[in-house]
Amino acid sequence: MAGQQDKAAARSGARLWTGFRFLSAGLLLIWLVLPLLPLAIWSFAKGWFFPDLLPRRWSLRAWDYVFSDTAGLFDSLGQSLVIALAVVLVSALVGLPAGRALGFYQFRGKQLVELIILAPLIVPGIAVVMGLHSLFIGLGLTNNLAGVMLVHLIPTLPYMVLVMAGVFANYDIAFEQQARALGASRIQVWLFIMLPSILPGLIAGSLFAFLVSWSQYILTLMIGGGRVITLPLLLFNFANAGRHDITGALALIYILPGVIILLIMAGYLSGRGPAFGGTGRP
Amino acid sequence: MTQVTLANLSKTYSGQDRPALDSLSLDIRSGELAALLGPSGSGKTSCLKIIAGLMDPSSGDLRFDGQPVLQLPPERRGAVMVFQNHLLFPFMNVADNIGFGLKMRGIDKAEIARQVAEMLALVRLPELGARRPAELSGGQQQRVALARALILRPRVLLLDEPLSNLDAHLRLEMRDLIRSLQQELGITTLFVTHDQEEAVMLADRVALILEGRLKQFDRPEAFYQRPADKATSAFFGGRNFIPGTVTSGRFESASWAKLDRSS
Amino acid sequence: MSEPVKIFLLLAPALAVIVLLFFGGLLAGLLQSLGYMPVIGLDRISLDAYRAIFSSPDFIRSFLLSFHIAFSSTLIAALLAVAAGLLLRRRFFGRKLISFLFQLNLTVPHLVGAIGILYLFSQSGSFARLAYSWGLIAGPADFPALIFDPYAIGIILQFVWKELPFIGVIVLANMQVLGTDYEAVARSLGASRWQAFCFVLLPMLAPGLLSASVIVFAFTFGAYEIPALLGAHYPPALPVLAYRHYTDIDLAARPEAMAMAIVIALLSAVMIALYLRFVRRQLASHKTASQIAPFTGRPGDRR
Numbered sequence: 319m320a321g322q323q324d325k326a327a328a329r330s331g332a333r334l335w336t337g338f339r340f341l342s343a344g345l346l347l348i349w350l351v352l353p354l355l356p357l358a359i360w361s362f363a364k365g366w367f368f369p370d371l372l373p374r375r376w377s378l379r380a381w382d383y384v385f386s387d388t389a390g391l392f393d394s395l396g397q398s399l400v401i402a403l404a405v406v407l408v409s410a411l412v413g414l415p416a417g418r419a420l421g422f423y424q425f426r427g428k429q430l431v432e433l434i435i436l437a438p439l440i441v442p443g444i445a446v447v448m449g450l451h452s453l454f455i456g457l458g459l460t461n462n463l464a465g466v467m468l469v470h471l472i473p474t475l476p477y478m479v480l481v482m483a484g485v486f487a488n489y490d491i492a493f494e495q496q497a498r499a500l501g502a503s504r505i506q507v508w509l510f511i512m513l514p515s516i517l518p519g520l521i522a523g524s525l526f527a528f529l530v531s532w533s534q535y536i537l538t539l540m541i542g543g544g545r546v547i548t549l550p551l552l553l554f555n556f557a558n559a560g561r562h563d564i565t566g567a568l569a570l571i572y573i574l575p576g577v578i579i580l581l582i583m584a585g586y587l588s589g590r591g592p593a594f595g596g597t598g599r600p
Numbered sequence: 005m006t007q008v009t010l011a012n013l014s015k016t017y018s019g020q021d022r023p024a025l026d027s028l029s030l031d032i033r034s035g036e037l038a039a040l041l042g043p044s045g046s047g048k049t050s051c052l053k054i055i056a057g058l059m060d061p062s063s064g065d066l067r068f069d070g071q072p073v074l075q076l077p078p079e080r081r082g083a084v085m086v087f088q089n090h091l092l093f094p095f096m097n098v099a100d101n102i103g104f105g106l107k108m109r110g111i112d113k114a115e116i117a118r119q120v121a122e123m124l125a126l127v128r129l130p131e132l133g134a135r136r137p138a139e140l141s142g143g144q145q146q147r148v149a150l151a152r153a154l155i156l157r158p159r160v161l162l163l164d165e166p167l168s169n170l171d172a173h174l175r176l177e178m179r180d181l182i183r184s185l186q187q188e189l190g191i192t193t194l195f196v197t198h199d200q201e202e203a204v205m206l207a208d209r210v211a212l213i214l215e216g217r218l219k220q221f222d223r224p225e226a227f228y229q230r231p232a233d234k235a236t237s238a239f240f241g242g243r244n245f246i247p248g249t250v251t252s253g254r255f256e257s258a259s260w261a262k263l264d265r266s267s
Numbered sequence: 016m017s018e019p020v021k022i023f024l025l026l027a028p029a030l031a032v033i034v035l036l037f038f039g040g041l042l043a044g045l046l047q048s049l050g051y052m053p054v055i056g057l058d059r060i061s062l063d064a065y066r067a068i069f070s071s072p073d074f075i076r077s078f079l080l081s082f083h084i085a086f087s088s089t090l091i092a093a094l095l096a097v098a099a100g101l102l103l104r105r106r107f108f109g110r111k112l113i114s115f116l117f118q119l120n121l122t123v124p125h126l127v128g129a130i131g132i133l134y135l136f137s138q139s140g141s142f143a144r145l146a147y148s149w150g151l152i153a154g155p156a157d158f159p160a161l162i163f164d165p166y167a168i169g170i171i172l173q174f175v176w177k178e179l180p181f182i183g184v185i186v187l188a189n190m191q192v193l194g195t196d197y198e199a200v201a202r203s204l205g206a207s208r209w210q211a212f213c214f215v216l217l218p219m220l221a222p223g224l225l226s227a228s229v230i231v232f233a234f235t236f237g238a239y240e241i242p243a244l245l246g247a248h249y250p251p252a253l254p255v256l257a258y259r260h261y262t263d264i265d266l267a268a269r270p271e272a273m274a275m276a277i278v279i280a281l282l283s284a285v286m287i288a289l290y291l292r293f294v295r296r297q298l299a300s301h302k303t304a305s306q307i308a309p310f311t312g313r314p315g316d317r318r
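Residue numbers (the working numbering), protein chains in the order written: chain A, 319 to 600; chain B, 5 to 267; chain C, 16 to 318.
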């Protein structure tokens, strides 16, 4: 009767809906991966011109070139790595205590402090770096690694502070107090109680900070003045010059650390880490 | 004023081999206040959700006034469920919460305001319309949740553990309120609880559900005077079980004889 | 050690770095925008640079272009992120894979995505070749210009590609926390699926969604490398225009570059103000949400 028809209609409606969801999921999946495909294909192509859907000839020429020293890959890679590692180290050293202050304590003016720390994350780099460049010229911090490292601190440090604030918000100071009661000195408490507890969050924050420095462009361009060529700058140059096969190879190398970090994080997050917080950056 | 019939309602969750509900059949009279009583995990809340349309049964039938309702989505069934955590919408004030159902029906604002005011008076919270749920006490939130459901004059009112979250003294107050409102409005009401005192004090009839099966559906006294089986009796506090037989109106037990012999 | 002193010492290094570098850079930019450049002998403050840019059609065009890019990217990414959240919130076949791809996307730098979009959508790119093989076009010039075009379609595509997962991860996390119980209550009270979404779920998602959108808007407005790679030469996006002015041989163009930088900074200040407003409201509703702790939250759960 009417009940049966209603039920049948509901069932076929549900099937339609499930089909739609599958389709959208599939499209989303393809969309997420799509831009990376031509990069991969180009890196193995020996000339790939319109209107070929796939290269007619394949070759490892681009990879040979990239790994020979003429492309400048190793210099750029080295510089990117050195800068990122230094930046992460400084951010962690400076950001950890600041995060502890924000996570643990309430105090007058806390909102203002949070605003100061948050501002560099929202104001785009271009608005700041040009003024900073003029300052740095006078201080001799342009066209060298030191200046670039400093300027990279602008987006990474606030991020690290926020992550550590989240970590410390979940941290129970009772553990430290217990340790002190059992006779541990302040330094021993830091080394043996605090550090192990916040280590997962610290590592997670550091990995993300690494990626933030790794992907900086305009900051490096302006302060580095063309003397410091990190990997993204190298990549941009080749892309602009139309050397697509080399661009493809460089791009794949460039995203590698990100993928590795993701896999590490996926392993880390499943299970360990009582105090971890923070979201990614745009 | 709706009569509710559950016929062989069963529900098995995927991955479980034991059914949460096993062929449950109940006949709830129009205007009755019935309790679904049982320990946690006995399937009571699943039953409520099935009646409300928020979950589909694995098999069985459900009828309101003899009409099948399983094919109807929750918004068209007229069975309103009040969750244990009442789930007042935190971003709306009390008046908007209560008037929500009416707003979904497209009733005009003035009329909604009038009915909301009436309802607030009925649940004895006359001045609190403009407050946010977070500003209310637990008992007040419970009453707002109740008002939000009752304002719709539902065919069936489903309450999931309405008194469990309240302190002891609030519980009595709330019990009285539910009872008096239900009688006044005459809405067929089914409530779920694990507390047999609550069930016994509040309900016209109690349905005891153990391990997904209906043990007994009867007036409260019957559970003490004529429990269906040993498990039923144990649930209501039975402690001393004396095995024996009844012959021509006399109860004879071997253990009495034993006692007799040893003394 | 007293507590305020302790707090101060903990915060001092970080605050020093940020104040010196970030606010120092802003201040230097502000001073130069006001014409104060003692290095080349300008030591009087004037609003000339601002007057110049606000009366310049080039600046207006670039500003509007950047605003259009930011607005469109944010709107589309936010809408799609909510849709993706609805799609992914329930247990379902490809969910883990898509979640993983979301996170993978977060680690891919913008530049790589931009180059990928270039190779896909340029007039001699993959989609153009696909159209050719289907007989839809006769040659590269027939393919619509999506890169280097006046509507910045390629740029918007790239931003949507990158920001959809960013907003999506946040929206999805919010949805998991909220569960489906509130919508179940709404439906029990007579709301249809669509009404439950509009009147109950969406308002509860709004704080997180809007906070994320504000961040995305500010970012896409002020990003440099993507419009530099994918944008038309004229009009350029505002950051590109500012960079061109700054690197102009004529030093007199510097104050104008700085003025543009300050305009970009002011726009983000507006965004910060909006962000704060929504974060505060979010904190308020979090308080209520945790008082009314929803239980597990998927309709199939046992109880």
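No wet-lab data here; the hints were simulated from the structure.
Treat the hints with caution; some may be incorrect.
Unchecked claim - Among chain B residues calculated to face chain C with C-beta under 7 Å, some are:
| no. | residue |
| --- | --- |
| 1 | ALA56 |
| 2 | VAL84 |
| 3 | LEU91 |
| 4 | PHE95 |
| 5 | LEU132 |
| 6 | ALA258 |
Note that the Cβ used here is the ideal one computed from N, Cα and C, for glycine as well.
Hints, one by one, checked against the model:
1. ALA56: OK, holds: ALA56 of chain B within 7 Å of chain C, min 5 Å.
2. VAL84: holds (5 Å)
3. LEU91: Hint on LEU91 of chain B: holds, closest Cβ of chain C at ~5 Å, below 7 Å.
4. PHE95: The hint holds - PHE95 of chain B has a Cβ within 7 Å of chain C, the shortest such distance being about 5 Å.
5. LEU132: violated (15 Å)
6. ALA258: violated (43 Å)
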